Structures are given as C-alpha cells and as structure tokens.
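Hey, can you piece these two chains together into the complex? The hints should help.
Below, each chain spelled out in residue letters.
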Amino acid sequence: MEKVAISASDLTKIYGEQTALSHGNFVVPEGSICGFVGPNGSGKTTTIRMLLGLIAPSGGTATVLGESISHPEKYLPRVGAMIEGPAFYPALSGRENLKVLAELGGFPLSRVDQLLEKVDLADRGGSKFKTYSLGMKQRLGIAAALLPNPELLILDEPTNGLDPSGIQEVRGIIRDLADSGTTIFVSSHILSELEMICEYLVMLREGKVIFSGRTQELLSGQKPMIIAKPEYDVDLTSLANKLSEFGFQISIVDGSLQIDAAKEASATINRMAFEAGITLASISVVLPTLEETFFEMTGDNK
Amino acid sequence: MIRVVIAEIRKLRRPTLLLGTIATVGGLSALFTSIIFLMINSKSGNSKRGERVGPEELSQAIGLIYGFKLVGVFLGIVALCIFASQTAQEYSLGTLRNLLVRQPSRMKILAGKFISMSLFALVMVLFAGVLSISISFVLSGRAKVDTTEWTTSAALHLLFESTLNIFIATLCFGTFGMILGLLLRSPISAIAVGVLWNLILENILSALINSTGKWLPGVNFSNLGEGGNPDLSYKHSIAVSLAYLIISGALAAVLFKRRDVAN
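Just so you know, the protein sequences line up as chains P and V, in that order. Letter 24 of the first sequence, counting from 1, is numbered 24 in our numbering, and no numbers are missing. Letter 39 of the second sequence, counting from 1, is numbered 39 in our numbering, and no numbers are missing.
Extracted from the complex, chain V is given alone in its bound form (with noise of 0.2 Å):
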C-alpha cells in the first residue's frame, strides 16, 4: 500500500493542482483573518454572520486562533473538491484500468488514495495555520490587539486542539467528496453535487426544517472544526459523521471492489 501512497503523492504535487491549492487556501486564510483584524472597528461585523468581534476578545488566547477557525469549513470544502476530483478523474480518464492492472487489490487503491489525499489536507491544514497566525500576527498591532496571551501554554494547548479539530472537519469532508466521487465516477459532478449540497441544500434544509439540521452531514463536519457549540455537541458530531462516513463509504468501497472497470 506504501507504493499506492507514494505514486498517489507524485500525482498530488503536480504544480496545477499544488499551486492551485496553495492559492485557493491561502487567499482564504488571508482573506477571512485580514477581514477580522482589518475590520475590527467595522459596525457590520468582522466575523461570521456579522458579528463584531472586538480588541479585547481578540487579545484572549482565541484571538491566535480566531482566522484560521473561521477558514476551517472552507478548508473543507476544498478538500471536498480534491478528494473527489482526484477518485472520479481515474474513471473519466480511463486511468483506473492502469492503476488497476500495476496494483490489482482495490481496498489498497482505495486505501493508498485515501492516505495520500490526507496528507494533503494536512499539509494544506497547517499551510492554513501557520498563514492565518502569521497574518494575525502582523495585523495585531494595527487593530490593536495585545498578543500577550497568544504565547501563553493556553493559547497553544488552543491551536493544537483547534487543528486538530479542523483536520478532522477537513477529513470528513474530504471523504465525503471520495464517495461522492466513486459514486458519480465524474469529476464535475461529484464537486457540484458536494458543494451544492453542502453550501446550499442543507442550509435550505436546516431553514425549513429546524430539527434537520443536527442531522445534517455538513452541519455536523463544520461544527467538529469549532469544537462542537452549545446547540450541538462536539460528541453528537463525532457520531453522525462517523455514522455517515462508514455506512456510505461502506457502500463505495463494495461498490469499488465489486464494479467492472469497462470503460
């Protein structure tokens, strides 16, 4: 499986997809921390659904944490879009069937693209991390913000747990766009469906329907990147995603293993 990992990672650091992603997320890490720091005295708000998040809440040890949070469910998203532009291309560019016939166990296929791309999301998590901290950093002392408690063991004990969180949140996503992708076994499709379903539907849904939204696999994956919140717990989250990601990614993976590669 090693060898999958390694060959999958050749195709991961191809300079398009690489610096496409270094872009993407860096224009949002940048982007979201900018908007909080830049816009701190902004009466519409700096942060999500416009509330105002102001100097003294900044200057707690969140305050180091607080852009690269907010980028988290992005994070998501773009994994969403890797994850499953990179499973579904081996259909429509007929590749599979080479994969196929240098490495004929399909669970190690599977299994090795599932490892490579989350290496990726790593990378590209603490890509986010150590942006978004370095852009607080230097916007601090414009907004006037005191970084004392960033250096703090508090504030640090803060980042580790909300990376990890975010990694987690970015895994799941990440997975859902490879069943997606096996699924759909396009491209295009798995990525707008994702997306579509992640940034529109289940926002209409939880609207309609208020007790939907719990339920929700996006509203679950977004919330394990905050930590959990008071109206959803962190452990509800871990146990509806995982209960989605097994039982569907169950079904791709027989699906998988099973299917005929006749195209």
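Extracted from the complex, chain P is given alone in its bound form (with noise of 0.2 Å):
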C-alpha cells in the first residue's frame, strides 16, 4: 500500500455562515509531487494554513507525515512551507530574516548560506529585505522553506513574481527535491507549470474537493481532439462543411481545424480529405491540457 504523507477526512472549516472547505478528502502520496488547484477563494489557503496548525479545523481530520493536525509540534520540524508569498522583516537583511527561522527551528546556522546559494542569493543575503525585488523575496521564501531539510515541502504559489528562469530554477529544485525523496505539495495558478512536474493533484471548486489522484488519470479521462491543418488556408471552410455534414462537431482556430473525436477517427478524417481533393499539411490527435481540463471541470473558463 502506498504510504502518504498528507491524508484528510471530511476537512472542514468554516467562517460564519461562509464555508472555506466542506468535508475535504484526499491524499498525498509520500514521495511524489503534488499541485494543489482551484479557482481564487477555492479554498487552497485555508486547507494548507489548517495543515500547518494555524488554523483550527471546524471538522474533520487530517494527518501530515502520520500524525493528527491537531498535533502539529509533532510534523512541523519536519515540514517546509511557504504560505501566502514571502513574509519578513523589512528591516533585517535576506540572511538576517533566516538566521531568525533558523534558530527558531533549531537548525545550524550553516545552513543559512548554503541556502542563499541554492536560491541564489548569496550575493544579496546582506541586504535588507525590504530592498529586494519580488522574484527575490519568493526565493528567500524557498529558502525559508528548505531550512529543516525537510520530509515534506509546502508551497503556495511559488513561482510568483518569478521571471522564466526563476520559474525554471524553481522547478529544478523542486524536481531535485522530489528526486531526494521529498514529498512536495505546491498549489500553483500556472497550471502548464504544474501539469509539467506533478504526478498528483488536488482539485478545489468552492470549498469542495472535486479531483484528487493521478495527473494522467485525469487527463486521460477528458476527451481528446483531433488538429487537422490543410496545406491552403482556402481549403479550411470546405473541409469543415464536409466534416460537419458527417456529424464531427467543428471548430476553426488559429488556421487549423478541431475536432472532438477519437483518435480512430484520424484515419476517416485524412480519407475525407483527401476524397475532396484536399491535401493536409497536419493532423494530430492532442489531450486537452491541465488548464482546459481545469477550465472545463472548475467552469471558471471566463
């Protein structure tokens, strides 16, 4: 059976009358990467702020690294996170702001400079917080996060404020990191991001849990589209008059022709073109992305 590092039963909390997660219920396989998505206001914040301890649940449980929420002092030394962006003193400097974790953890102080390597900041790990730009305050907050070497990492929109290199970097050490063994919880609003490292992921819409397992297994369980893209432009309207009076639902974008069908229509596709004395420069069958998918099953496709 496989061993998991993040388990919640029926995790609820709510404010008020306003519910922020109703009976949450998913897993997260130890070792492996997992994206946590969903909508602004979805509720992803709160159901990480209730994982760390800092919020009480108004039901149900959860376990990180086998032991109960309501024990965090037990999994916390163990866990890395960053909640919500980076947040430091302004007025202490990048090494100053984790020298400050650090020995609040009780981690050696070495480790602060090994770390402002890694996230390369070294250069700047003497200057005041304050000054920092965004991409730079997020890689201290990774930084923050790495101190206890930890079983399981935490991240909450990590790859914000990130240039595309920041971005690259971050997944590299998340990549490393998951190589190690870590377990990597990350919610990300850059779903192509997320689609490119996570094995699992957590899907919210308002406050409810409506997707938790394997990537593939929900990719893979959305209909695919075929891509035909004849040698003329000119030729695009007549082919889709044709297919569509075979019943293919049709649509034309960017140049090319999409159509939800099977794969096994490839074939049917390619001979009616051909028929019509059409040439087809292209014809693909593609799955429809994380982001699609997530569109399609959030119904936040505005």
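In short, the hints are calculated from the structure, not lab data. Predicted model, so just to flag it, every value in this text is computed and none were measured. Please note that a few of the clues may not be correct.
[As the list claims (entries may be wrong)] Below are the SDA-like pairs computed for lysine to any residue, each with C-alpha atoms no more than 20 Å apart in a straight line:
1) P:LYS130 to V:PRO15
2) P:LYS74 to V:LEU100
3) P:LYS3 to P:LYS130
4) V:LYS108 to V:MET1
[To be verified] Looking from chain P toward chain V, a few residues come up when the C-beta cut is under 10 Å (computed):
5) LEU52
6) ALA87
7) PRO90
8) ALA102
9) GLY125
Every residue gets a Cβ at the ideal spot worked out from N, C-alpha and C, and that includes glycine.
Encoded structure:
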C-alpha cells in the first residue's frame, strides 16, 4: 500500500456562514509532487493553513507525515512551508531573516548560507529584505521553507513574481527535492507548470475537492481532440463543411480545424480530405491540457 | 523557549530599533538630568510640575538618582511602544505564520517574546541610569552640588532600589503595550491607544474624577517607578498593576493561543 504524506478526511472549515472547505477528502502520496489547484477563493490557502496548524478545522481530520494536525509540534519540524507569499522583517537582511527562523527551529546557522547559495541570493544575502525585488523575496521564501531539510515541502504559489528563468530554477529545485525523496505539495495558478512537474493533483472548487489522484488519470479521462491543418488556408471552410455533414463537431482555430472526436477517427478524416482533393499538412490527436481540463471542471473559463 | 528568546533578540538588535532606542533613551535621560542641574536656580523650577530642587536636596544621597527617577515614566512609554510594535508587527507583516510553523507552541512564542523584550528593557533602563548618573556627576560641579553623599552605601542602596522600581514600572508599561499589540494586531493602533491612554486620557480622567486616579493602570505603573508616594502606596500600586496585567494578559494569551492565524 502506498504511504501517504498528507491525508484529509472530511476536513471542513467554516467562517461564520461561509464554508471555506467542505468535507475535503484527499491524499498526497509520500515522495510525490502533488499540485493543489483551484480558482481564487476555492479554499486552497485555508486548507494549507489547517495542515500547518495555523487555523483549527471546524470538522473532520487530517494527518501530516502520519501525525494528526491537532498536534502540529509532532510533524512541523520535518515540514517546510511557504504560505501566501514570502513574509519577512523588512529592516533585516535576507540572511538575518533566515537566521531568525533557523534559531527558532533549532537548525544549524551554517545552513543559511548554503540555502542562500541554492536560491541564488548569496551575493544579496546582506541586503535588507525591503530592498529585494518580488522574485528575490520569493526565492528567500523558498530558502526559508528548505531550512529544516524537509520531508514534506508545502509551497503556496512559489513562482509568483518570478521571471521565466526564475520559474525554471524553482522547477529544478522542486524536481531535485522530489528526486531526493521529499514530498512536495504545491499550489500554483500556472497550470502548465504543474502539468509539467506534478504526478498527483488535488483540485478544489468552491470549497469542495472535485478531483484527487494521478494527473494522467485526470487528463486521460478527458475527451481528446483531433487537429487537422490543410495545406492551403482556402480549403479550411470546405473541409469543415464536409466533416460537419458527416456529423463531426468542428471549430476553426488559428488556421486549423479542431475536431471533437476519438483518435480512431483520424484515418476517416484524412480519407475524407483526400477524397475532397484537399491535402492535409498535418493531423494530430491531442489531449486537453491541464488548463483546459481545469477550466472545464471548475467552470472558471471567463 | 530559549530558541525563541535567541531569535527574538536577533530581531531586537537590528540597527534601526537599537540605535533608535539608544538615541531616544539617551536623549530623554540627558535632557531630564541636565534640566535639574542646569536650571537649578531657575524660578520656574527644575523638576516635575514646576517644583524646585535645590543644591541642598541634590547633595543628599537621593541627588544621585534624581534625574534617573524623572526619566523613569518616559522609559515606560518607550517600552510600551517597543513591546506593542514588536508584537503587533508579527500580524501586520504576516511573519507570525513563519514563527508558528517553526515553533508551533504559541505559549512558547509568547513567553520567549516577553523574556527577550524584558531583557531589552533591562538594558534600556541600565543605559538610562548609567547616562543619567554620569551626567549628574559631570554637571554637579557647575551646579555647586556636593557629591560626597552620592558615593555612600545609602546612595548605592537607593540606586539599586530605584533601578529595580524603574525596571518593574517599565515592564508593566511594556506588558501593557504587548497586550495591546496582541489585541489590536496593528503596531500603529496599539502604540496610539497605549500612548494616548497613558499620557492623555488618564490625566483627564484623574482631573475629572479625583478618586479614579488610584485605580488607573498608568498612574499605578508610574507610582511603582517612583517607589510609591504618600498619597498612593507602593503596595497598592503593585496590587492594582498585577490585577490589571494578570487579567488582561490572561485574556490576550488565551486569544493568541486560540485565534486562527488567517492573515
């Protein structure tokens, strides 16, 4: 049986009359990279805060690294976390900020410089936090999360404010940590990022868990699409009409036909184009991306 | 809890806070002590509420600590501001969540913060005392004050007693500030309420209703710093101060322990 790093059972949080999370059930397998997705206000940060012992659940239970969230002192020394962006003391340097947290957690101070090096802040470690760019603040937040050499790393929007190379660096750090056996639970609104690195997903909508499982399981359950591109753009309409007559659902996007059909229909479409005297420059079967799937499942495609 | 204390001391020794406090405390201490000696012959007085303290009184053992005692109340207000801002900023900066992830025991966080800020307050009081006494010695010649009595064991006993009383009063004001910081969760609000209450509202209340004075927290904290006076005994002030601080401190601690950290 797969070991779990996080397990939530009917986890619920109610603020007054508003339900932030309702009967949340999900697991995060040990050693996996698990994405945590959902529209703004769907309950992601509330869930993360409950897992870290910052807010008390209104109902249900959860365990982190095998310990109940009602005793965070038993598991937090093995957990690294960055919640809702980096929060540090503006008048202290990046290095001093990390030392405050290292002293608080009982971690060796020598780790501070190693981590500043790891997140590429070694040369700015002595500068005050308030002089940092958003990307630098984010990287310092990640360094702080790595202080305990965590078995479980919980990151809330870790790539916020990072430039493409920064995003790539964070992706590299996450992969390196996962390779060394660290479980990563990461929320991000950049779904293409999560699709690239996450084997597992937990998806929220309006305080309810609507999916929890393998990313591939989620994506393969979606209808594929056939993309056909005629050699000449003038043939787009006539091919679209011919396929529509045959009963296919067609839309024209960026000079290509998007056809809602199973991959077995590719041969039929190719043959029909050939019979109409149209040469296809390309034909391919694509699965919906995580972003498309997310929008379809959450209905948040405005 | 030792780890919390060490981490908090790292925050307290940041140059902006440390140098700012040294400048404020040093300035206040130098100002009040200098006024006593430099205006010794002034008809408008050289002490609190326009009182005159002449060379004869300053030549007594108490002359050694006269300036230091005057600055005591203001040390309390400085402590109130520091304790309030250091506590409330954890909410306003969002850093409380980092602290609680690294040290989940909220009571240890609270106790560690209190101990570290108390140590900071002790250093502040000692610095003010050393500076005030040094200035007193330097200015005594110009004010024609005989300092023979200042080096007797009676003077040293008074110095120890006053330092202790001023430290206790400073801690009371600081604890009051910390409680406000926990309740209001905003440094500006906590400092504004604390300073307004102690420097303005209590004076207005005392002036309007004479009998309220002996029951107001700030009046009693200040009285502790002065070592008591004929109208308000030290024992009374200790009892009233402890009652205020224990009740409001317990309430703030329970709130801190149970309140969701949702910002």
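Hint numbers the structure violates, sorted upward? 3, 9
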